[in-house]
Amino acid sequence: MDKIPILRMGAFLLVTIQVDLYDRLALNLEADLVQTVNKTNAKGVLIDISAVSIVDSFMGRIIGNIAGMSKILDAETVVVGMQPAVAITLIELGLPLKGVHTALDVEKGMSLLKSMIDLSDPDEDQEAPEDDNFAE
Amino acid sequence: MSTFGLIQLHKPGSYSLTFNLYPSLMSINTQQLLQKKKKNILELWMRNQLADEGLREDLISNEELRSQSEELITALVSNLTAENSVDLNSDEWSPVVEILGGIAITRARQGFSPRETGNFLFSLKEALLEVLQEEITNDPQALFNESIKINRIMDNLSVVTFETFIKGREEVILRQTDEITEISTPVIRLWDGILALPIIGTLDSARTQVVMENLLQEIVATGSSIAILDISGVPAVDSLVAQHLIKTVSATRLMGAECIISGIRPEIAQTVVHLGIDLSNIITKATLASALAYAFKSMRLEVRKINTVQKF
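Chains A and B are the protein sequences, given in the same order.
At position 34 of the first sequence the residue is numbered 94 (the numbering used here), and the sequence of numbers has no breaks.
At position 188 of the second sequence the residue is numbered 181 (the numbering used here), and the sequence of numbers has no breaks.
Keep in mind that a hint or two might mislead.
With a cut-off of at most 20 Å between alpha-carbon atoms, the simulated EDC-like pairs for lysine to aspartate or glutamate come out as follows [unchecked claim]: (1) Lys240/B x Glu152/A; (2) Lys118/B x Glu46/B; (3) Lys168/A x Glu251/B; (4) Lys158/A x Glu251/B; (5) Lys160/B x Glu91/B; (6) Lys174/A x Glu251/B; (7) Lys32/B x Asp51/B; (8) Lys31/B x Glu50/B; (9) Lys168/A x Asp185/B; (10) Lys158/A x Asp271/B; (11) Lys240/B x Asp116/A; (12) Lys142/B x Glu164/B; (13) Lys160/B x Glu127/B; (14) Lys240/B x Glu251/B; (15) Lys168/A x Asp271/B; (16) Lys63/A x Asp92/A.
These are computed hints drawn from the structure, not numbers from a lab.
Construct all of the structure, not just a fragment, from the sequences and the given hints.
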């Protein structure tokens, strides 16, 4: 059975989907990812779908679900590298993926995640400013 | 045989019974007569055409008109042989139909009106009937029969002409539509990472598709993070056009780029609000300049005036 690897990079989780997702795989990914976010206390999830060329409404919903679940667990989701055809399909299906952040490629996605975490830390997270103070 | 065969009705056979009741062969006399009187007919025809107020001397010269007419008349008269029927679908008629089709298409491209093209053939019919009337004086029954036949042939030829004429016009329209879609959706690279797409003309579903695809492809190709959609050239925005715009913006957002809509005129802002279209989650700017300023700001770029004059 195929499994999509979830890599940890500091406070972020990196998921690169290299195969076309079928329903079962997507469901497993959803469950795995939520488990890992919880376990690692990740602040951000980056999903690279540049290799995904086929997408259906189910896939769109799974991505939306992942974003929603991560949000509850205090992690932002960024989807990067969506292909034009996939974007058009999702729009035509009426799935604008509200609540999901997007970026052109992994690099831009990472910097977006970093900026989001940096910005939101002083407001939401009480530990971060203390860390900064220690560093100074 | 079906006289309507050329119109390609679904059941051409359904007419055959009616028309088979009539003797469809042109009598030898008439054919010879018309052959002999070809010059006369041509003169009459030319006179009719030149007398017509709708003659377009600006589009076609008299000599050209005469040579066109002569070519058609020669083909037509030599085709009125005894064995020939009025079935325009048959092979014997194909030269005439071909010449006529050529004339009709040329006229469509030159910009003749349907009336002018129609009069071209109707005046030939008049000329033919006039010659018949002059020649067959002693036998009213024969005159009537021959006139009916001439009428039927000419009517069928008119139908062919119009069909070809309209087809020619439609080709022109199709070509123009293609050209418009092609030239009216350029994606411009304004700055490193900033794309602009000025939309000119009404946005319909097909064009939105082209615009969206072009824009998204270009975003991937250039790695741009901001796209400016300038709609100053869109004459009117209704709920459908707005829907298309929202779709384009959402697709851009999914790709990971930001989309700004600029060039919104006051009237368009009025319509959008009156129609109750929600553009609140889309960044809108009045002019392309302010959209560019916004883009610079969000990319943390700054445009400054240099105080000292530098020599290049």
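Here's how the hints hold up against the structure:
With a C-alpha separation of about 8 Å, the suggested pair lysine 240/B and glutamate 152/A falls inside the 20 Å cut-off, and the hint holds. Annotation: proposed proximity of lysine 118/B to glutamate 46/B holds, straight-line Cα distance about 18 Å (limit 20 Å). A threshold of 20 Å between alpha carbons decides the hint, and for lysine 168/A with glutamate 251/B the separation of about 13 Å falls inside it, so the pair holds. This hinted pair checks out: lysine 158/A and glutamate 251/B have alpha carbons roughly 14 Å apart, not beyond 20 Å.
Between lysine 160/B and glutamate 91/B, the direct Cα distance comes to roughly 14 Å. Compliance with the 20 Å bound is thereby established for this hinted pair. Of the supplied pair hints, the one linking lysine 174/A and glutamate 251/B holds, its CA atoms being roughly 18 Å apart against a limit of 20 Å. For the given pair, lysine 32/B sits about 26 Å from aspartate 51/B by alpha-carbon distance, which is inconsistent with the 20 Å threshold. Restraint check for lysine 31/B and glutamate 50/B: not satisfied, since their Cα atoms lie roughly 24 Å apart, outside the 20 Å limit.
For a cut-off of 20 Å, the pair hint linking lysine 168/A to aspartate 185/B stands: about 15 Å separates their Cα positions. Between lysine 158/A and aspartate 271/B the alpha-carbon distance is near 15 Å, which keeps this suggested pair within the 20 Å criterion. The suggested pairing of lysine 240/B with aspartate 116/A holds, with an alpha-carbon distance near 17 Å, which does not exceed 20 Å. Taking the CA atoms of lysine 142/B and glutamate 164/B, the gap is about 33 Å. The hint is violated against a cut of 20 Å.
Restraint check: the Cα-Cα separation between lysine 160/B and glutamate 127/B comes to about 37 Å, which exceeds 20 Å; the hinted pair is violated. With a C-alpha separation of about 13 Å, the suggested pair lysine 240/B and glutamate 251/B falls inside the 20 Å cut-off, and the hint holds. The suggested pairing of lysine 168/A with aspartate 271/B is violated, with an alpha-carbon distance near 29 Å, which exceeds 20 Å. Using a Cα cut-off of 20 Å, the hinted pair lysine 63/A and aspartate 92/A holds, with the two alpha carbons roughly 10 Å apart.
Consistency note: the structure conflicts with the earlier hints numbered 7, 8, 12, 13, 15.
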